Amino acid sequence: MNKKKIQNHLNKPITEHDFLTKKRAYICLIGLFIITVFIYANALENGLLNFDDNEYFTYPEITQLSWHNLKLYFSHYYLIMYQPIPVLSFAINHYFSQLKTIPLHGFNLIFHLLNVFLVYLFIVRLSQKRVIALIVAMLFAIHPMNVEAVTWISARSSSMYTFFYIIAILFYLNYIKLAQKKYLFFVGLAFLLSLFSKAQAVTLPLVLLVIDFYYSRINREMLQGILLEKTPFFILSCIFGIIAISDKNTIDNITNSILISYSYPEIICLICYSLVFYIYKIFVPIHLCAIYVYPPKINGYLPLIYYVSPFILLTLIGLVWQIARVKKYVQFGLLLFLISILINIQIIPSRLFIVTERYGYFPYIGIFFIIGSFYNEIKEEKLHINEHAKRMLYALLLLYSLIFMGLTVQRNTIWKDNISFMTDIIKKNPEVPYLFRAYGARANALINNNQLGEALADYTKAIEINPSEAISYLNRSLLYMKINNYSDAINDLDTAIKLQPNSAVMYVKRGLAKYASQDSNGALHDINQAIKLNQNMAEAYNLRAILRFSFNDYQGSKNDFDLAIKLNPFDSEVYKNRGIMFIKRQNKEAGCQDFNTSSRIGNVSAGKMIEQYCKAKATRLSV
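No gaps in the numbering here: position 186 of the sequence shown is 182 in my numbering, and each next residue is one more.
If you are wondering where the hints come from, they were derived from the structure by calculation, not from laboratory data.
Small disclaimer: the values here were computed from a predicted structure and weren't measured.
Wrong hints could be hidden among the right ones.
Claimed, not checked - In silico EDC-like links for lysine to aspartate or glutamate, alpha-carbon gap of 20 angstroms or less:
hint: 1; residue 1: K173; residue 2: E217
hint: 2; residue 1: K324; residue 2: E377
hint: 3; residue 1: K584; residue 2: E607
hint: 4; residue 1: K580; residue 2: D558
Can you build the whole structure from these sequences, using the hints too?
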C-alpha cells in the first residue's frame, strides 16, 4: 500500500451501516466507564500493602514534595526501578492527601479509565471500525488480568506508561495520515514520558513497525525512510534499557539469576510456559495470584506442565498459522502481543517470579483486537455461519463479559489488606524459599490485629521454609519479647547474629532482650557492639543511656540521651527517658521540660508523667 492509499484508508469515513453511529458509540463508551468504575469501586478502600506500597512512602523526598526533590525522582532508582513519573505521582498524592488510600486508588482508576478511552481511539483509528474498538476497550476495561495494574497502588507505572505509549501511537497514526513531520516530534515526546514511567515502553519502536506492517508501509519503496524515521526512537530505547539495568541491585539480581540451577532445555521450557500462561489467562483468568514463583525441582525434575508447554505452544502456533496466513488482523494482533510481551519473558530466570499479571496490561490489546475483529466479521457477514451459531457467539461474548466483571470484583478483595493478600499468595504457590516473605508479612499484619498466636505460627513457618533469612528470626524474637518470652527471643537473636554478624539492629534487639531478662552486663556488651557497628543508631544510645543510669554512670547516661536526641530529635520515648533521669537526679525543671517535649511529639505516657511529677510533689521514680 503506497502513501496515498494509506492516507485514503485513514481518511475514509467510518461506516457502520446504521448499527453503530458515532453518537451511539460514545454512549456505549460512557456506559463502559460507568461499568468500569462500578467493578473497581470495591478496590478504592483497600489498604496500603507491605508489598512495595508502604516502602515508597519511607523515602523522605516522596513525602516532602519540592522542586529540589523533583530532581531526585529523575536521578534515583526506587525499589530497584527507574520510573520517575510514577514516583512523582506518589509525591503528589502524599502532598494533597498523605497516606489516605482512596485518593491513591482513585488515581490508579482514573488512569485506567483514560486508557480505556485511548484504547478505543487507537483501535477505531487503526481499524476504522467502532464495533472492534468498543469490544477491545470493553475487554481491556473489565479483564481480571488487569486488576493488578489497577488495584495495586505500586503497579500504577503499568497504566501510566500505557497512557503515554498509546498517545505516542495516536500521534504516529496522525503522522501516517497527514505526512507531517511535526507528529514524529510529538511521538518522541510521548515516548519519552512513557519511558520515564516504565522501562517496558522500550518496545514502542517495534510496535510502530508492526503498525507499518498493518498498513503495508514496509516495502522496497518506503523501507529506508521508515527505518530512518524510527532511529531516534531506537536510540531512546537503548538508552533507557541501559538505565533500567544499571542500578547495582538490578545487576546483582541478574548476576544471582545466572546462578539459578536450570539447564538450557529447562529454561526453554520455562519460556514456553510463560507464553502459554499469558495466552491461557486471557481466556481462563482463574487462580490468579500476585506472585508466581519459579517452580521447585522435585527429584531433579520440573513439574510436568513445564515439559509439556513447548508442545502446547507449537500446537497453538500450528492452529493459529492457518488463520493468520489469510487474516491480516490476526497477524497484526499476534505481533502486537508478542513484541510487547516478549520483553517480560525472562531468558535469564530471576530469583523472583516466572510471570507477572500486570505485564499483560498493554500486550493483551493485541489479542483483544483479534477477538474484536472476529466479531466484526460476524456482524458484517464476512464469515459464513448460520444464525444460530451467530447468536451462540454473541451470547458467549456476553457471558464472558459478565464472568470477567464478576472475577474482577472478586479479585479486588484479595488486595484488601496484607492478611488477605499474603494468604492468597501462600495458598497458590508451592513452598519455595521466597514464600518466607509472604509468611513474614502476614505475621506482621496479624500482630497489628493482635492475633499473636497465628503470627507466631507464621514466623515459625517462614523459618521452616527458609532458615537462612535472619529477618525471620528477628521478627519472631520481637514477638517473643512482646509476650515476655525473653529466653526464646535471645535464642532467635543468637541465630540471627550468626547469619548477619555485622547487623547493628540484631545486637540492639538482643541487648534489649537481655536487659529485660535482668542481664544488664550482657545487654551493655551487645549495645556497645551495636554502636561499634553503627554509630548513628539513636535506639542504641537510648538503651545504653538507661543501662548506664542503672550502673550509676549519670554523666555517661546523659551524654547518651543527648546523642540519641541529636540523631533522632522526634523520638518521644528518648525525651521521656531523659526526663525520668532528670527527675531521679532531682532536676525537676529539666525533667518536666523533657516530659513536655515528649508529650508534644505524641507520647501519651509523658502526659501522665507531667500530671504526676510536674503539677504535684515529685515522688520516687526508677528508670
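Going down the list of hints, with the structure as the test:
1. K173 to E217: holds, 18 angstroms
2. K324 to E377: holds, 17 angstroms
3. K584 to E607: With a Cα-Cα distance of about 13 angstroms, the restraint between K584 and E607 holds, given a limit of 20 angstroms.
4. K580 to D558: holds, 17 angstroms
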